[in-house]
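K.L.:
Same order as they appear, the protein sequences are chains V and S. Under this note's numbering, think of the first position of the first sequence as 1, with each following residue one higher. Under this note's numbering, think of the first position of the second sequence as 1, with each following residue one higher.
Keep in mind that the hints were calculated from the coordinates and are not lab data. Note that the structure is a prediction, hence the values are computed from the model and not measured. Be aware that a few hints might be false.
Where chains are identical, the list cannot tell them apart; a pair therefore holds if satisfied intra-copy or between any two copies.
Stated by the list, open to error - Here are the simulated EDC-like pairs of lysine to aspartate or glutamate, each with C-alpha atoms no more than 20 Å apart in a straight line: (1) Lys147 with Asp170; (2) Lys313 with Asp165; (3) Lys201 with Asp234; (4) Lys325 with Asp345; (5) Lys147 with Glu392; (6) Lys59 with Asp121; (7) Lys313 with Glu256; (8) Lys313 with Glu283; (9) Lys336 with Asp209; (10) Lys325 with Asp183; (11) Lys336 with Glu256; (12) Lys327 with Asp121.
What follows is each chain in one-letter form.
2 protein chains.
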Amino acid sequence: MTVLTTALAVNGDRLNQHIDQLAELGRLPHGGIRRLAFSPEDCQARQRVRQWMEQAGMKVRVDAAGNMIGRYAGQQTKLSAIATGSHIDTVPAGGRYDGVLGVLAGIEAVQSLHEQGLRLDHPLEVIVFSDEESSMIGSRAIAGAVKGEAIYHPEQGTSIQACLDAVGGDWSRILSARRSREDMAAFVELHVEQGSVLDSKGYEIGVVDGVVGMNRYAITITGVPNHAGTTPMDMRHDALVAAAQVTLAVQAIALEQPSRPVATVGSLNVSPNAANIVPGRVELTVDMRDLSQDCLDDMTYQLSRHLQAIAAKTRTDIDMTPILKVKPSPAATSIKSVIREVCQDLGFSAHALPSRAGHDAMEMGHITDMGMIFVPSHAGISHSDQEYTSPEQCTQGATVLLHTLVRLDQVYS
Amino acid sequence: MTVLTTALAVNGDRLNQHIDQLAELGRLPHGGIRRLAFSPEDCQARQRVRQWMEQAGMKVRVDAAGNMIGRYAGQQTKLSAIATGSHIDTVPAGGRYDGVLGVLAGIEAVQSLHEQGLRLDHPLEVIVFSDEESSMIGSRAIAGAVKGEAIYHPEQGTSIQACLDAVGGDWSRILSARRSREDMAAFVELHVEQGSVLDSKGYEIGVVDGVVGMNRYAITITGVPNHAGTTPMDMRHDALVAAAQVTLAVQAIALEQPSRPVATVGSLNVSPNAANIVPGRVELTVDMRDLSQDCLDDMTYQLSRHLQAIAAKTRTDIDMTPILKVKPSPAATSIKSVIREVCQDLGFSAHALPSRAGHDAMEMGHITDMGMIFVPSHAGISHSDQEYTSPEQCTQGATVLLHTLVRLDQVYS
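Chain V extracted, bound-state conformation:
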């Protein structure tokens, strides 16, 4: 069917009430929300979200990876789903919008259609992904990236297998959670930016170019610990001097790339770490992110060249071990175009930008057409009780999501 999209609207008051209600579950006494995946608070929140899904006319199921999937039937029984969603788990002291907005706006979009007696050609799905903030097991299982290996879940102090039971998942059938383009034609996620680009530039909507890939390395520098008084400068093997050069090289490597990637030395530990001892050993991490795999590869090459030169110059040994590799996940051109058109039609200012934080959409991008809609985060603050997106901005995001879903129904017909 064809829907007169200009007449469609979400109920912004209801959406923001739902956000407020979910923020009560896991609220910490001194601010922030602690709703760790698989915790009692997470289970309580899932129960609430299930009720809202059902009120919006969806059938709800939980897959083997614990993903809760609400499905609003389409008019054409043979079409694969158009999906949206995000997560409702938080970091140990998180904010109220990260993840939650995407889930509740998806439900609100379906409820709007439902209340107006509208049904798309495609089935619509709203997915609550399991454990986005730690293992990402939910979206990874759907994308086929979980192979049955043991996963330890540090916050819960137990295996992910045991965790899944708590939310109705089933580790023994984890491979059954896998999906493909055959049953998911497209996936769109609405999320707060968690950065300051939209907020500082005054844009209402971000059209995400894709989720950046990430190369993370553990670097160990071994020098010789020695007396800071009696060891002449030219007889030192100072691991911290080497680490300082590495830190500045990492910054320079990012600044040299035309695509404006980011690269960070975030963690650095010195040993023995005493004022009167020349440092003998430093362990540090390098985190590099960009939308282009070529850029990531080149930065890694540059880093290894720098490390070799620094080791020689400082007479230290430097070891570089990969600890995390995530491939970039570009957004589908078709979905980006639809989001841009929607913004234009609705009169929202839109800005194209990459997502430099990881999202469930990243995994969906590996199996089907993916897109993301960002709304501004005040001052870019995230993973904090200071995280803020105004009710109006939340409503704008949900409105763009609703119209995007409706147009994708036509694009993928």
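Got chain V sorted already, so can you dock chain S onto it with the hints?
P.N.:
Using the frame of chain V, we list chain S on its own:
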């Protein structure tokens, strides 16, 4: 009287046996010696050393600062003492030569004279200074640098006042420990180098030019912690990038000075210290040492200029707080000349060098003529059970000390 110095010799076997015996007190099961000042092991060692002093014909007293002072009477009753000595306390897992050699070689020198029925014009003193490895309260009290302020002794977990009781000191009379040139004409300390200059260059004896002064600063860099993915490079206030620049500036400042000082960032702590967060705060220490106060002053000035420039460039706040200032303590020309002459007469190769580690002699240099004799440390290793100076080298050091004391008796007549 005039002594025929060429006939004088120490008993090297006895000296090295004493070193071995003292190394048993506080020996750790897996190597190293733990004989913290004021501990039961320290008290036991003091008792042993007191016996050796008495066997060498000395009268022993303990002053208010817990310094144990053996005195071998001179022929002239009115002359002030010529003194030597060092310490017998260790770091938590130290070696067997640091401090001990100077004390036991001093006793051996006196015993040699005593056994040959010789007595100098001046009284000879061998001083075991209290707590060289931590508060240096013993030598500082003698130099008048302890004013009665409360001192906390971290290893013992109690106040220095309580510690002093254990070794026969008396905090209430601490000012009485003070001495001057009037009753100490000269002080010479024999010590292992704790550096690798003599060992690597193959010299037998080091003639110390003085003990370097030290300026130590705590530097706090305050930036803004932020998401390592979503914060563009040009919007960061990265405290670790600033700290890296500080670390390299500290190295450059030392290398630019003609007197070859040392400067070290030995301790550095990052916060929040996570791979995915741009560092918001770094605390680090800067330790700078040189024999010239002018050089120390200039390095401090250069450091503060660098910090200002780095803060502006990295958009961070940088605070610099002095935490330790020790004035350089140059050796007396007269004593350096005597040590050099003795080496020449005895056929030992000698090399002039500064002491870049602190010593009790540093404090003595503030009240009287001071000199130091170094013997090589194998590979410069110190504060470790790997510390090593051969028995022959220990005997050579004691021999030079004995002859130096005898000649100083004439020089200061």
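K.L.:
Just pull the numbers of the violated hints for me, sorted ascending.
P.N.:
Checked against the structure, the hints that fail are numbers 2, 4, 5, 10, 11 and 12, while the rest are satisfied.
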